[in-house]
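S.K.: With the hints as extra help, turn the sequences into a complete structure.
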Amino acid sequence: MNKEVIPNRQAGAVMTMFLMGSTLILGVGFRAGQDVWLVIIIAGAAVAPFLAIYARILALFPEQNLYQILNTLFGPVAGRVLSLLYIWYAFSLGAMVMRNFQEFINIVSFPETPIFVPIMMMGLVCIWAVKEGIEVLGRWSQLMFIFLVVIIAVVIALSMEDADIDNMRPVAYSGFGAIMRSTFNVFSFPMAETVLFMTVLRMDRERNNPHYIFFMGVLIGLIVILMVSVRNLLVLGADLTENVYFPPYVAVTIINIGNFLQRIEVTVSVVFLFSGFVKISICLMSACMGIDNLLGLGGYRQIVAPVGLLLMITTCFIYKNIMEMSDFAFNVYSYYAFPFQVVLPVAVWIAAEVRARRALNASES
Amino acid sequence: MFLFCTLVYAFFVFTDVVPLVQNKKWKVLAVYGVIFITAYVFTVLTELGVQLPSPLTPIGDLVASIVGSTG
Amino acid sequence: MFRKKQENAQRTGASGDLRLTMSLDSNISMLKTVLNNDETVIFRDIKNIRQRSFRCCLVYIAGMINGDMANGSILRPLMTADMRPERADGDLLDFLCDKVISSHEITRSADINLLFATLFSGDAVLLLDGCDEALLICCREMRERALEEPELERVMRGPKAGFNESLMTSLLLIRQRLKTQDLKFKFRELGVRSKTRICICYIDTLASDGILKELESRLDKINVDGIIAANYIEERIKDSPLSPFKTIGNTERPDVVAAKLLEGRIAVVVDGSPSVLTLPYVFMEYFQSPDDYYNNYWFASVNRLLRCLSEFFTSSIPAIYVALVTYHHEMIPTQLLLSITAARQNVPFPTIIEALILLFILEVIREAGIRMPSPMGQAVSIVGTLILGQAAIDARLFSAPMIVIVAATGITGLITIKLKGATTIIRLLLLLLSSFMGLYGYIFGVIGATIHLFSMRSFGVSYMTNFGAIYSVDLKDTVIRAPWWYMKYRPKQMAFKNQIRQNTTGRESDS
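Chains as they are written, first to last, in my numbering: chain A, 1 to 365; chain B, 1 to 71; chain C, 1 to 511.
It is possible that part of the hints are untrue.
Stated by the list, open to error - Restraint-style ranges between C-beta atoms, simulated for each label pair:
1. A:I107 to B:L52: 17 to 27 Å
2. A:I107 to C:Q335: 43 to 53 Å
3. C:S339 to B:F11: 48 to 58 Å
Said to hold, decoys possible - Below are the BS3-like pairs computed for lysine-lysine, each with C-alpha atoms no more than 30 Å apart in a straight line:
4. B:K24 to C:K221
5. C:K186 to C:K32
6. C:K221 to C:K238
7. C:K32 to C:K47
8. B:K24 to C:K420
9. C:K420 to C:K238
10. C:K32 to C:K184
11. C:K238 to B:K25
12. B:K25 to C:K420
Please keep in mind that the hints were generated in silico from the structure rather than gathered at the bench. Since the model is a prediction, treat every value here as computed from it, not as a measurement. Every residue, glycine too, gets a C-beta built ideally from N, C-alpha and C.
M.R.: See below:
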């Protein structure tokens, strides 16, 4: 139990659910319009080399997570500073996602409920899950992700009645620049957020294959996101998709089968909670592991509770309102995340390769 | 609502702090205490209606200044 | 804890200091003092017709020994055998053991504690003048309940024997079904005052050594006054003591125990309780019934699915209903919503209170059904159905849809009786959460409950092993039961040594 190592398939399942996390309620590719499918595919291609980098870093240092790798590579001082950066990223991402879900529940279902209540519930469950460890989360995800995908598939099938293929044309109307900008957006949310998995996963020498985990996990997540986004586009059309806060939710409200199966969006949205729960748990776990490594506490489970509580309360004031949330997500997030998702991993990778090369030379000579 | 939040915090004190004290893990307890009290203070402030500054605002401003105009 | 141990040591140590002496009279008077003139203990003095100086005393508890056997096999030979020193050469006790007393089980011992244990088990103790050891003769009257089918584990088609309270009978029922030398029994005694015998059964070539060792070390740590029933042990050795779900199974059917032993599990039989513990135990076993294996696999699969669905319904229906009616009206089809609202007119309670009260009444009825004597059964069921049901609705105390919901909950709950403790708690929690925040609360409750389930382990085997680990070999025995010729492997996590069942059936289709 203490090894904190999980089998490949489970790690992949966790990653897929992580990717589905807030995209199932927010949608992706905010300004892409009718090219969102193209954008997603290109973003998937763009993130692939970085996934290879993330996997490679983990493969070079078996049984270590990113915080320990940073310590090993850059020494205790610089390593700690970099760890602090990732702790901050994980923490802020967790708060942002939790705020997404809280706004969702608030606006869609319960406008009168004080904002603490959904946050409290989500936070407590996440604290509990993180305390149980990544093993439990892995096993849980392995089952729940199938369940989630089945429900999504069923709902998409039900939506096909209202789909209109014309909504996908004309292709690339807004021009190449807009597509590139949207690709950058999708790249950082949610694709490259998988960088956090470097901090949470530990690779067992024989049993784990980090490349499989990253690529399979992201591939399946990509497919699901693609299906959902295309469905949103087909049903709602480009304009509506851009202008509502929660496109997938609105798309589901349209389903009306025989006057009986209607207004099922609440069922659907509660299921989305599953994936959001995984995402927030991973962020929380990453932050706790980082703090544990930073301060040498000998075990991250002990401080899950206060970090979780701090996360919950940060969620309350991280944005003033939903408009600020949307604005940040559109305009700022990609740039904010860029150093964590691209710059630092590349630097770590180069340092790791250099060190591995040196070790190889040393052992040969 | 305020009472409920305090109850939740108290629950965590009982389940987490007591074993920590029993096992004499002072360093962990110190870190725990700091984070815990920070969170509690924030909670109380938010309950009282004080609008705490968001840490993302300076980041947003920084990015805006680097990238130029938004959008 | 410390104090009790010392007291115990003192109390049982008191008789540990006593010893048998050579003198018969002093032994008898010592026993009488310890037993404090207990009138159920009989001291029968015996002399021999040929040897004048031969004196002995048979001590037994009236009613516990088999009178015929005592008369014919013990008293008569002692009285009539030739005890003269010329004939009775060598050690007198050995002579009695080997040549005089005809009993199938005799031991010699000087241990006072063993003496008393034997006495209280229903055997007889023979004290001899001039010997400081006693003979413990097995001649107890076997009084047992007949083997009946257990109430809670009925099957439609299949063997109908069940365990009874005698350890030996239970073991022989298992032995009859597994006639292999690999079936091993390990005996132990637990309970300082009850001295209950328990037996660990396992098949040597199938069960895991690690689990066996873990079980034994946990049993070693038990130090209690008495073990009355199997549950006393179960609670002390199980893995997640705070969880409402059990991690050690129990059953009262010998065929179930035999099947589980064949899968590599370990069984613990307790004297005095017809319940046999099986470990490790995984969540899927809650939904398995021996019926599944004695019937056609289509039927069995349908039944299994039915059980799983019932469990889901019984824990979720009240919560979902309350959530929908209170928070998410738009999800209910319009016609239904209108009739529900009409029925709820003038009901004084909010839905959640109604639900809680009715669930409480459901539990009361269930518990009363167990406790009440059968003559009253008729009257009470009339009271229950007519008055509670009809009159309550007429008096506008409860709404009819709520009663339907609670009735559905109750009936679906009866299908998975083994889960009833856990289900009640989960149902209540989900209901409270959903009353707090609608379907979102319900989903958070589900997430919490499933996280709890996935975190549990039973003796090292993960609790949800058949679900999360999608090994196809294990899935064949979960929500469906695959035909026997598909189930070639034992459950992967259980059978550490021998994964391939002896299961070739001569069909050409299996490869």
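S.K.: Would you mind marking each hint as holding or not holding in the structure?
M.R.: So, going through the hints one by one against the coordinates:
For the pair I107 (chain A) and L52 (chain B), the supplied restraint of 17 to 27 Å holds, since their beta-carbon distance comes to about 22 Å. Taking 43 to 53 Å as the suggested C-beta distance range, the pair I107 (chain A) and Q335 (chain C) does not conform, at roughly 29 Å. As the Cβ distance of S339 (chain C) to F11 (chain B) is approximately 42 Å, the hint placing it in 48 to 58 Å is violated. Among the hinted pairs, K24 (chain B) with K221 (chain C) is consistent with the structure: their alpha-carbon atoms are about 27 Å apart, no more than 30 Å.
Distance restraint check for K186 (chain C) and K32 (chain C): the Cα-Cα separation of roughly 35 Å exceeds the 30 Å cut-off, and the hinted pair is therefore not satisfied. For the hint pairing K221 (chain C) with K238 (chain C), the CA-to-CA distance comes to about 12 Å; that is within 30 Å, so the pair holds. Taking the CA atoms of K32 (chain C) and K47 (chain C), the gap is near 20 Å; set against the 30 Å cutoff, the hint holds. Between the alpha carbons of K24 (chain B) and K420 (chain C) the distance comes to roughly 41 Å, so the proposed pair goes past 30 Å and is violated.
Between K420 (chain C) and K238 (chain C), the direct Cα distance comes to roughly 18 Å. Compliance with the 30 Å bound is thereby established for this hinted pair. A distance of roughly 41 Å separates the Cα atoms of K32 (chain C) and K184 (chain C); the hinted pair therefore is violated under the 30 Å criterion. This hinted pair checks out: K238 (chain C) and K25 (chain B) have alpha carbons roughly 29 Å apart, not beyond 30 Å. Among the hinted pairs, K25 (chain B) with K420 (chain C) is inconsistent with the structure: their alpha-carbon atoms are about 41 Å apart, more than 30 Å.
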